[in-house]
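Asker: In order, the protein sequences belong to chains L and V.
Just so you know, my numbering puts 140 at position 140 of the first sequence, and the rest follows in order with no gaps.
To convert a position in the second sequence, counted from 1, into my numbering, add 1000.
Since the hints were derived computationally from the structure, they do not count as laboratory data.
On a predicted model such as this, the values are computed, not experimentally measured, just so you know.
Among the hints, erroneous ones may be present.
[As the list claims (entries may be wrong)] For lysine-lysine, the following BS3-like pairs were computed, each having C-alpha atoms within a straight-line distance of at most 30 angstroms:
1. V:K1261 / L:K214
2. L:K203 / V:K1261
3. V:K1261 / L:K213
[As the list claims (entries may be wrong)] So the derived label-pair ranges between C-beta atoms look like this:
4. L:T241 / V:L1060: 20 to 26 angstroms
5. V:N1240 / L:K114: 31 to 37 angstroms
6. L:G83 / V:K1213: 50 to 56 angstroms
7. V:A1282 / L:K19: 51 to 57 angstroms
8. L:R283 / V:G1106: 39 to 45 angstroms
Yeah, the Cβ is synthetic: ideal placement off N, Cα and C, and Gly gets one too.
One-letter residues, chain by chain:
There are 2 protein chains.
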Amino acid sequence: MSVKCRRWVLKSHFSGMPKREDLDLVEEELPPLKDGEFLCEALWLSMDPYFRPASAGLALGSTMMGAQVAKVTQSKSSKYAVGDLVVGPFGWRTHTNVPETGYESGDLSTYMAKLDPTLYKDRESTALGVLGMPGATAYCGFLNLCTPKEGETLVVNGAAGAVGSLVGQIAKIKGCNAVGFAGSDKKVEYLKSLGFDEALNYKTMGSLSESLKKACPKGIDLFYDNVGGEWFENVLAQMNTFGRVAVCGAISQYNATEQPKGHYVSQLILGHQLRVEGFLTARWLEEWPKAFKQMSDWISEGKLKYEETITVGFDNAFDAFLGLFSGANTGKAIVKI
Amino acid sequence: MSVKCRRWVLKSHFSGMPKREDLDLVEEELPPLKDGEFLCEALWLSMDPYFRPASAGLALGSTMMGAQVAKVTQSKSSKYAVGDLVVGPFGWRTHTNVPETGYESGDLSTYMAKLDPTLYKDRESTALGVLGMPGATAYCGFLNLCTPKEGETLVVNGAAGAVGSLVGQIAKIKGCNAVGFAGSDKKVEYLKSLGFDEALNYKTMGSLSESLKKACPKGIDLFYDNVGGEWFENVLAQMNTFGRVAVCGAISQYNATEQPKGHYVSQLILGHQLRVEGFLTARWLEEWPKAFKQMSDWISEGKLKYEETITVGFDNAFDAFLGLFSGANTGKAIVKI
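The following block holds chain L by itself, in its conformation from the complex (with noise of 0.2 angstroms):
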C-alpha cells in the first residue's frame, strides 16, 4: 500500500522576517521500503529559532529543518519494530523512511534515537525539549561554557524560552543568582514561579543598561545570552571579572535585513578579562544522555519544571514558527500533529 507524505519544502531562502509564500507545502508518494529502513509517523514537530539563520545552508526544494518525534509504522529494520516511539532530524514532514543507520538532512543535529520509556513515561513530546536539545543546550551549554560557582549571578534572556528557562533553573540547582529577561508580564509571572531571583519584561523596564545595574547590584557573573544584539554589548559592560559568557542564540539579529551596530565589545573583553564561547549544541552529543538523565531526575524531584506552547495541525507548522519570533510561545514550541 502506497504511503503520502505531505512536507513543508523551503521554495526561496528567507531575507528578513520568514514568509509564508518562501515555503511550499507539498504532497507526495513516498517510495517502498528497503531493507534495513522503517517508515515513521510525526507526531509531534519541533519549533526552534535555529532553523532561521541555519535555513540559509538549505538547498531549495530542501524539506525544512528540524527535530520529530514519530511512531514507527512499517518496519524493514531488525532495529526499530512496529510501535517504536524515535526522536530524528527528519523535517517538517508527517511521513519519513528512515534509514536505521541514521537519516541525512541539512539539519545542525543528527542526533536520532529511540525513545528510552523510563526517560519519556510522562510525555513523550518532552524528547523535542527539556529532554531532548533544547534541554541538552541548556545543561551543556551552560555548566560547560558558564561553568557556574555558588553565589554567582547570571542574567540569561529569552529566559522564558525553552531554553533559557531551563537555564535558569539549573543555575538555581547550582546555587547561583538567577536574572532573567522575557517579554511579557505573563511571562515575568511564570519566571518568579520557576524560581527565578529577578525576572523582568525588558519591553516595558526601560533602559536595559539601568536596568541590569538594578537587578544585578553585585555585578554580572555569567551570561548565557539568547538573543545578541544590544544585549551583548550592555551585559559585557557589567561583567565582573573572569565572568563566562555562552552564546547560544541571537534571536534579534535573525530576521535584520540590515545587521545592527554597537560598540566594540574587545576592550570590554579584555579589561574584565572575559571568556566567551558560541556553541551549536551538536558539538557535545556524546554528553546529551547524561544531561537528559540529571534533568529527567531533577525534574522527578520537583526541581525543574518545563512549559510547552503546542500549536495543534501540521498545516500550522508555519503560524508556529513564526510564533517564535513574536514572542508566542512560553517554553518549548512544538506542533501537534
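Using the hints, position chain V against chain L.
Answerer: What follows is chain V alone, placed relative to chain L:
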C-alpha cells in the same frame, strides 16, 4: 646623604591622545631608607600601551605606572645587596625606596625580582621585553588562550611590536602559519625576516577584509588581537569553526574620545563556535619564570629574535610613550636613563 628623585606625575587623566601637560616632571627628596628597604636607581624604563587605559585608574598626583630595571645603590635589606639589578613596578622615576617585600603602586602587575644573571647576561633591558612582562604576555596569552595546533593559521596585528613580534615567532615554533600586520613597509620587512609567512602593511594594503582573505586562504584559526576596533569584527568574520581569540590589547581604541561602532559580533562567535578571551598577563604570574626560561633557550638556539627601540633620557619618557601610538617603535619601547 640625601637622595634626589625625579618622577613623572599624572596631573590630569588623559582624554584622547595623551598631552605633555597631562603630566608633571617633579623633583623631590627621598626619605631615609627604613629597615628592610633598598634604594635603587633606574637604568631602563618600560613603555607600554596599557599605560593609556590603565592610567584612568591612577589617582591624580601618582607617579606614572610601569616597570623599570634598576640598580640597587643602598640597602637596609638582607635580600637585596648594593649592585644587584632588579626589575619592579616602580613607574617613571629615577630613584626609589623599595620595601624588600614588594612595591605598592597602581600598576596592573606587582612583579618584582632580582635579575637572574644566567638569563639576563646579554642585555638587562630584556627584563622589560622578551624576558619580561611583554614576553610573558606573548607566551602565556598565546599558548594558554589560542592553544595552537600544528598547521593552524594565526593572525596577529601590532605584529612588529614587543608582544606581536614574539607571538608570530612562537606560532612558527609551534608549527603554525603566521600572518602579521604592521604599520610600515620597514616593519613588514622585519616581520618577514622573523619568519612570518605573510606580512602586510595595514596602512597601504586597502580593504582589511580582502587582505585577510588573500593572506589566509584557508581561513583563520587563531587571532591574537592587540588592536581591537574594526579588526575584531573583520577577523572574527573569517575565522574557522572552533577558532580561538586572545584579546590582548585594543590600541586603536585607547585614545578614541568617542568609541567607534561596528557590527555586533555575537552571531559570528555563535556561528563559528569561537572562543574569545581577554586577559591581563598578571593572572599567570606563577608561569612567568617558565616562560622566561623557555624563551631564553629559544633565543640561544636562534629560534626567537627580539628588537628594542630605545629612547635616551629620562626627560624624553613622554615622547617615547607617545611613540607607541604613532607606530614609532619596532619591538620593545624602552627609555634608557
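Asker: Hint by hint, say whether it matches the structure.
Answerer: Structure-based check of all given hints:
Using a Cα cut-off of 30 angstroms, the hinted pair V:K1261 and L:K214 holds, with the two alpha carbons roughly 26 angstroms apart. In summary, the hint linking L:K203 to V:K1261 is supported, as the alpha carbons are separated by about 24 angstroms, within the 30 angstroms threshold. Proximity of V:K1261 to L:K213 is assessed by CA-CA distance (about 23 angstroms); at most 30 angstroms being required, the pair is judged to hold. Between L:T241 and V:L1060 the C-beta distance comes to about 24 angstroms, which sits within the given range of 20 to 26 angstroms.
In this structure the hint that V:N1240 and L:K114 lie 31 to 37 angstroms apart at CB holds, the actual value being about 35 angstroms. Checking the proposed 50 to 56 angstroms range against L:G83 and V:K1213 shows it holds: the Cβ atoms sit about 54 angstroms from each other. Distance hint for V:A1282 and L:K19: a CB-CB separation of about 54 angstroms, consistent with the stated range 51 to 57 angstroms. The supplied range of 39 to 45 angstroms is met by L:R283 and V:G1106, whose beta-carbon atoms lie about 42 angstroms from each other.
Of the numbered hints stated above, none is contradicted by the structure.
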